[in-house]
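Using this note's numbering, the first residue of the sequence shown is number 1, and each one after it goes up by one.
Read the hints as simulated data drawn from the structure, not as lab findings. Only a predicted model underlies this, so the values are computations on that prediction, with no experimental measurement involved. Ideal placement from N, C-alpha and C gives every residue a C-beta, glycine not left out. Check before you lean on any hint, since a few could be wrong.
[Unchecked claim] With a Cα cut of at most 27 angstroms, we get these calculated DSSO-like pairs of lysine-lysine:
id, residue 1, residue 2
1, K246, K9
2, K98, K9
3, K104, K93
4, K104, K23
5, K23, K246
[As the list claims (entries may be wrong)] Ranges of calculated distance between the beta carbons of each label pair, as one might list FRET restraints:
id, residue 1, residue 2, range
6, K264, G20, 30 to 40 angstroms
7, P85, S134, 20 to 30 angstroms
8, P48, F10, 26 to 36 angstroms
9, K170, S268, 21 to 31 angstroms
10, R47, E12, 51 to 61 angstroms
11, D266, D118, 44 to 54 angstroms
12, D274, K167, 40 to 50 angstroms
13, H278, F10, 16 to 26 angstroms
14, K165, H278, 18 to 28 angstroms
15, T239, F10, 24 to 34 angstroms
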Amino acid sequence: MHPGVNGKKFPEKPAIIMAGSGKVITHGELNELSNQGAHLFRSLGLRPGDSIAIMMENHHLFFPIVFAAWRSGLRYTTISWRLQPSEVEYIVKDCEAKVLITSKFLEQTANDLNSSLDGVHRFMLDGTTSGYLSYEEGIQDMSTDSIEDECQGGSMLYSSGTTGKPKGVKRELPLTPLPYELDDEDPGLGRVLLLYGAGEDSVYLSPAPLYHAAPLNFNTGFLASGATSIILEKFDEETALSSIEKYKVTHSQWVPTMFVRFLKEDPSIRTQYDLSSHQVA
Numbered sequence: 001m002h003p004g005v006n007g008k009k010f011p012e013k014p015a016i017i018m019a020g021s022g023k024v025i026t027h028g029e030l031n032e033l034s035n036q037g038a039h040l041f042r043s044l045g046l047r048p049g050d051s052i053a054i055m056m057e058n059h060h061l062f063f064p065i066v067f068a069a070w071r072s073g074l075r076y077t078t079i080s081w082r083l084q085p086s087e088v089e090y091i092v093k094d095c096e097a098k099v100l101i102t103s104k105f106l107e108q109t110a111n112d113l114n115s116s117l118d119g120v121h122r123f124m125l126d127g128t129t130s131g132y133l134s135y136e137e138g139i140q141d142m143s144t145d146s147i148e149d150e151c152q153g154g155s156m157l158y159s160s161g162t163t164g165k166p167k168g169v170k171r172e173l174p175l176t177p178l179p180y181e182l183d184d185e186d187p188g189l190g191r192v193l194l195l196y197g198a199g200e201d202s203v204y205l206s207p208a209p210l211y212h213a214a215p216l217n218f219n220t221g222f223l224a225s226g227a228t229s230i231i232l233e234k235f236d237e238e239t240a241l242s243s244i245e246k247y248k249v250t251h252s253q254w255v256p257t258m259f260v261r262f263l264k265e266d267p268s269i270r271t272q273y274d275l276s277s278h279q280v281a
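Make a model of the complete structure from these sequences and hints.
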C-alpha cells in the first residue's frame, strides 16, 4: 500500500519500534522520511531501474531508506554487515549500485571500502568517516512531498555464495504506480499477508537481521498494510518474549534455531510472559 495513505490516515501511529532503544518511527514519519530519501536519490541522478546498496545493522532508518528506494523505482540490495570488505565490494559492484548507505556501526568496513568504490555515492548514518556523507544531513532539506515520477521498485537480493560467488536474483521491476491497497489477487506477498490476516491492527515482531529476505519482505508488507513492526536490534530469547507481551504482538517470523534457543531457555523465563495476543508465527 502507498505509504502516503498510512501517513495521512494515522500519522502519529507507530510504524517502527526498536525493541531495545524504544526508538519510534511513526507512519507519518515513515512517509516523510522515505519521500526525502526519494528526493535525495533523484538529486544524485538516480532514475527508475537504477540500484542502491544498503549495509547496516537493524536500524530505525533501515525501512525509511528501503521505502525511499521502492517509491523511486529503484532496485535495493541489502547486504549482510557480517561480510568481509572484499565480499561487500563484490556485491556493490555486481548489483551496479550507484549509492551505498551504511552506518557508523560499520565504520571499519566502510573505511576499508573507500579505495574500491570510486563513482559510488557513499552515505553514513549516525556520523561520518572519510569518503562518506551524512545521510541525515543529505535528506534534511529535501521535500517531504512525493517525487513527481514515483513508481514501484523492488529488491535484488543475493545468494549466500556457498558454491561460488554470491548471485543476485534480478527480477524485472514493476515501475508502475504504487498500490493503494493490498491486492488479494497478487500471487506474491500481498496474498500471503492477507492469508495471515495482516492489517492496520497487526503488530509484527521482527527478531532477525533485516538484510535477510524474510524479515525484509515481511516487514515491508506489514508496514505497507498499516501495521506496527517491533524490531529487535539482535535476537535475544527473553527480549523476544517480553516484546510479545509488552506490545501485544499478533504476528512474527522465526527460523528454527530461534525455537531451539527458546527450548533451551530456563522454563521460568519461557513461561513468565503473556503471549495470548499472538496469532501467527
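Against the structure, the hints come out as follows:
1. Note on K246 and K9: the hinted pairing holds, with a Cα-Cα distance of about 25 angstroms set against a maximum of 27 angstroms.
2. Proximity of K98 to K9 is assessed by CA-CA distance (about 34 angstroms); at most 27 angstroms being required, the pair is judged violated.
3. The suggested pairing of K104 with K93 holds, with an alpha-carbon distance near 21 angstroms, which does not exceed 27 angstroms.
4. For the suggested pair K104 and K23, the alpha carbons sit about 17 angstroms apart, so the restraint of at most 27 angstroms is met.
5. At most 27 angstroms may separate the alpha-carbon atoms for a hinted pair to count; K23 and K246 meet this at roughly 15 angstroms.
6. Range check, K264 to G20: Cβ separation about 22 angstroms, and the 30 to 40 angstroms hint is violated.
7. Hint check: P85 to S134, Cβ distance near 21 angstroms, so the stated range 20 to 30 angstroms holds.
8. Restraint check, P48 to F10: a C-beta distance of roughly 29 angstroms satisfies the suggested window 26 to 36 angstroms.
9. The given range of 21 to 31 angstroms is broken by K170 and S268, whose C-beta atoms sit roughly 49 angstroms from each other.
10. At roughly 34 angstroms, the beta-carbon separation of R47 and E12 lies outside the given 51 to 61 angstroms, and the hint is violated.
11. Under the hint 44 to 54 angstroms, the C-beta atoms of D266 and D118, about 52 angstroms apart, fit the expected range.
12. With their beta carbons about 44 angstroms apart, D274 and K167 fall inside the hinted range of 40 to 50 angstroms.
13. As the Cβ distance of H278 to F10 is approximately 23 angstroms, the hint placing it in 16 to 26 angstroms holds.
14. Checked against the hint of 18 to 28 angstroms, the pair K165 and H278 fails, with Cβ atoms roughly 40 angstroms apart.
15. The hinted range of 24 to 34 angstroms is satisfied by T239 and F10, whose Cβ atoms lie roughly 26 angstroms apart.
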